[in-house]
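K.L.:
One-letter residues, chain by chain:
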Amino acid sequence: MKAYFTYFKLKFISGLQYRSAAWAGIATQFFFGFVYVMIYIAFYDSGGENLPMNIHQVITYLWLNQSLLALVNQFSKDQELFKMVKDGTISYELARPKNLYFMWYFKVLGQRLSNVVLRFFPLILVTSLLPKPYTFGGPSSLFNFLLFLISLTIGTLLVTALTVLYPIITLTTMSEKGIVNIMISIADILSGLVVPIPFFPLFLQKISKFLPFQYISDLPFRIYVGNVDILFGIHGIFIQTIWFIIIVFFGFSLMKKNLKRVVVQGG
Amino acid sequence: MKIYVKALGMHLKSELEYRVNFILSFLSQILVFFTYYFVILSLFTKFSHIKGFSLWEVLLCFSIIQFGFSFNEVFARGVDKFDELIIRGDFDLLLIRPRNILLQVLCSDSDFVKVSRIIQAIIVLILSIIHLDIQWNILKVFTLFLMLVSSCVIFFGIFLMAASYCFYTIQGLEVRNVFTDGGKQMAQYPIGVFQKGFVLFFTFIIPYAFVNYYPLLYLLGKKEQYYYGLSPLLVFLYLIPCIMMFYQGMKRYTSVGS
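From first to last, the protein sequence lines stand for chains L and V.
Take the first sequence: its position 91, counting from 1, is numbered 91 in our numbering, and each next residue is one higher.
Take the second sequence: its position 77, counting from 1, is numbered 77 in our numbering, and each next residue is one higher.
So here's chain L without its partners, still in its complex pose (with noise of 0.2 angstroms):
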């Protein structure tokens, strides 16, 4: 376990010196969730019916989503581990004497969380003194906010879990592009990274609910800003846990699978 945790540990670390990309991130991150903001305003001053959200609960949906973009999108793929199993430095890590799974697991969990870090707190800020409508609201409650905790924790969990899943598959099919980027931008698109999951269209919403992806960021977002009601947040939490579960299991044993026949490439 300790072995894991310092690799998580180095990660997290090494994250850190990247502050000039950190700052470009914020700027860009801003100016987009800026631009959201106001097609989302411009959406609402013209009117609509049944609207799933008010204007304020989607702005500070909105500005969850871009400062905790880097904890929760799946485009950005941990480019490392593509590498490794493309140019066969897979190898050097097979010969280490640890599960290759939870390896991998911590490094993409630490390498996270140090983007994150570096991100969040500037855009909050920021975010929180812009004047209103733009500006980034609180929690609807206090107990809202340990839910929001709670389900983001398990949601990053879960979103790790998938990141390690997609170079797992990618030792079957030998390259990222194709299957994996196809499955990477249905995945993000399901989660609500570029539209909030209420405004999808119906269907959608249906399919959504038996997927993974939902429960990264979609839920604790809306736990946050209160579109969820309390019980609604305590049940999509334990689905988000099983989840968790499922998804770990699934990305662990499949590995187990592809390493008994898995090719090194490379020389």
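FYI, nobody ran anything at the bench for these hints, they're computed from the structure.
Keep in mind that the hints are not guaranteed to be accurate.
To be verified - Computed list of lysine to aspartate or glutamate pairs in DMTMM-like fashion (alpha-carbon distance at most 25 angstroms, straight line):
no., chain 1, residue 1, chain 2, residue 2
1, L, K77, V, D83
2, L, K83, V, E15
3, L, K86, V, D109
4, L, K83, V, D92
5, L, K86, V, E84
6, L, K77, V, E84
7, L, K2, L, E80
8, L, K86, V, E15
9, V, K81, V, E15
10, V, K81, V, D92
11, L, K98, L, D87
12, V, K46, L, E49
13, V, K46, L, D45
14, L, K83, V, D90
15, V, K223, L, D45
16, L, K77, V, D111
17, L, K86, V, D111
18, V, K81, L, E49
Note that the structure is predicted; figures quoted are calculated from it, not measured.
Given the coordinates of chain L, assemble chain V onto it according to the supplied hints.
P.N.:
Just chain V, lined up with the frame of chain L:
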């Protein structure tokens, strides 16, 4: 021009060497691209219009911007990825050849997978034109043509500006994404839906509004004056400072390669 076409052909051939990979990437690009449309499509299931613009009007705007952006990704990839050229030190190679530098940069790279995006943009463009009830006349056809061309021109200008920045910083700055990807993200909507300050910035500093807002108003019959239809021509002027900046930056160039 001949050299450029030949270089393109070479890039295409080398990409087609990995056929399955090419096809799969092509398909996945279509899907990635679809995520952009997804925002619009799902929001319009809840709202009927955005500041008076209907779904198809916004999609028209969308497709024009996407067309210009992807066009540059395919045909001006070298400018887009200019920082790599500098970091690898390969720019020195271009300097010793007796040809126009900019032409050589254009020849240096290209990404044919992105053709899928161009095709998709054209399909959306055609669909939205069919669905919209536009009173066509010669000038409007010309306006549409100008919008498409100026969309290519403006992204070329912005890529070029970002590239000239690389001469000073050596590395590609991620902040450029604000103006390329971010600008694209924003310009997919008719710029009038945004706040005043934004509209002014993207009219006078980076003239996106002349690509897809003022001419759009004319095209849709929201404005009658003909100069709205001709306003994309102003974007061509924007190219002048961009090219000047590039050559100005080149004077400052010091090699990093070995």
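K.L.:
Hints first: check each against the structure and report whether it holds.
P.N.:
Verification of the supplied hints:
no., hint, result
1, L/K77 with V/D83, "holds, 22 angstroms"
2, L/K83 with V/E15, "holds, 20 angstroms"
3, L/K86 with V/D109, "holds, 23 angstroms"
4, L/K83 with V/D92, "violated, 29 angstroms"
5, L/K86 with V/E84, "holds, 22 angstroms"
6, L/K77 with V/E84, "holds, 20 angstroms"
7, L/K2 with L/E80, "holds, 22 angstroms"
8, L/K86 with V/E15, "holds, 18 angstroms"
9, V/K81 with V/E15, "holds, 17 angstroms"
10, V/K81 with V/D92, "holds, 16 angstroms"
11, L/K98 with L/D87, "holds, 21 angstroms"
12, V/K46 with L/E49, "holds, 7 angstroms"
13, V/K46 with L/D45, "holds, 13 angstroms"
14, L/K83 with V/D90, "holds, 24 angstroms"
15, V/K223 with L/D45, "holds, 22 angstroms"
16, L/K77 with V/D111, "holds, 21 angstroms"
17, L/K86 with V/D111, "holds, 21 angstroms"
18, V/K81 with L/E49, "violated, 45 angstroms"
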